[in-house]
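Colleague: Sequence:
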Amino acid sequence: MFNYYLCLLCALVGLAQGTIFERPCRTVEVVQDFQVDKYLGLWYDLEHYEASFEQNTDCVTAEYSRYEDGSIRVFNSAVRLTDGLLYAVDGRAVLSYPEVDVLEAKLNVSFYGAPNDESNYWVLDTDYENYSIVWSCEPLGEDRSLEYYWLLSRTPSLPEDEELREKILTLKHESGIVDDELIVTEHFAEGCKNKRHKRL
0 MFNYYLCLLC
10 ALVGLAQGTI
20 FERPCRTVEV
30 VQDFQVDKYL
40 GLWYDLEHYE
50 ASFEQNTDCV
60 TAEYSRYEDG
70 SIRVFNSAVR
80 LTDGLLYAVD
90 GRAVLSYPEV
100 DVLEAKLNVS
110 FYGAPNDESN
120 YWVLDTDYEN
130 YSIVWSCEPL
140 GEDRSLEYYW
150 LLSRTPSLPE
160 DEELREKILT
170 LKHESGIVDD
180 ELIVTEHFAE
190 GCKNKRHKRL
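Here numbering that gives the first Met the number 0 is used: the first residue of the sequence shown is 0, the next is one more, and so on.
One thing to keep in mind: the hints can contain errors.
Listed next, the in silico DSS-like pairs over lysine-lysine satisfying Cα-Cα at most 30 angstroms (straight line) [stated by the list, open to error]:
{"no.": "1", "residue 1": "K37", "residue 2": "K166"}
{"no.": "2", "residue 1": "K37", "residue 2": "K192"}
{"no.": "3", "residue 1": "K37", "residue 2": "K171"}
{"no.": "4", "residue 1": "K171", "residue 2": "K192"}
{"no.": "5", "residue 1": "K37", "residue 2": "K105"}
{"no.": "6", "residue 1": "K166", "residue 2": "K105"}
{"no.": "7", "residue 1": "K105", "residue 2": "K171"}
Derived by calculation from the structure, the hints in this document are not laboratory data. Model, not experiment: these values are computed from the prediction.
Required output: the full structure, derived from the provided sequences and hints.
Modeller: Structure (C-alpha cells):
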C-alpha cells in the first residue's frame with residue numbers, strides 16, 4: 000500500500016538548512032521578461048544541493064498553478080523510497096519585484112502562512128519546455144553563504160539532446176554551481192511510479 004502523509008517538506012524555499020559554502024553570495028543573472036504562465040505546471044527535481052528538508056527523499060516534484068488572487072500555488076511532493084511514504088506541502092509564491100518594467104524571474108516562496116517577504120527563488124535560466132535552473136543564497140556573515148540549487152525538468156530525465164545538455168552544463172559552470180555538492184534525484188524507482196499514478 001502506497002502511504003500518503005502530509006509533512007513539513009519545505010522544498011524550494013529557505014525554511015531549513017541548505018548547503019553552506021565558504022564564499023559570499025554572488026551576483027548572478029536571472030531570466031528577464033519572465034513569462035509566469037509559461038512556467039506553470041509540473042517540474043521534476045533532477046538534482047539539487049543537499050538540504051535538510053529533502054534528506055532521504057526521491058521522486059521530488061514541484062507543481063505550480065494560479066490561486067484566485069493571481070499568486071502562485073506551489074505544491075511540492077516527494078517519496079521516501081525505503082517505505083513508500085509520500086511527503087507533500089502546499090505553498091504560495093509571488094513575484095519579488097512585480098512593478099519593474101522588465102519582469103525578473105525572482106520570486107518569494109513561503110509555506111504554512113509564513114511571511115512572503117524574502118526573494119528566495121531565482122530562475123537563472125529556463126526554456127519553459129525542458130529545463131529550469133533555480134538558485135538562491137543567504138549570506139552568513141561576510142565570507143560564507145547558505146545556498147540552494149535545483150535543476151528542474153518537465154520530464155523525469157532531460158531529453159536526449161546533447162546540445163541542450165551541454166548548454167545546461169555551461170550555465171551551471173557560469174553560475175558557480177559546484178558539481179561535487181550535487182545530489183541526483185531518483186525518478187524511475189517503483190515508488191516514483193506509484194506516486195505518479197496517485198492523485199494528490
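Colleague: Take the hints in turn and mark each one as holding or not.
Modeller: Status of the hints after comparison with the structure:
| no. | hint | verdict |
| --- | --- | --- |
| 1 | K37 - K166 | 20 angstroms, holds |
| 2 | K37 - K192 | 26 angstroms, holds |
| 3 | K37 - K171 | 22 angstroms, holds |
| 4 | K171 - K192 | 29 angstroms, holds |
| 5 | K37 - K105 | 15 angstroms, holds |
| 6 | K166 - K105 | 22 angstroms, holds |
| 7 | K105 - K171 | 18 angstroms, holds |
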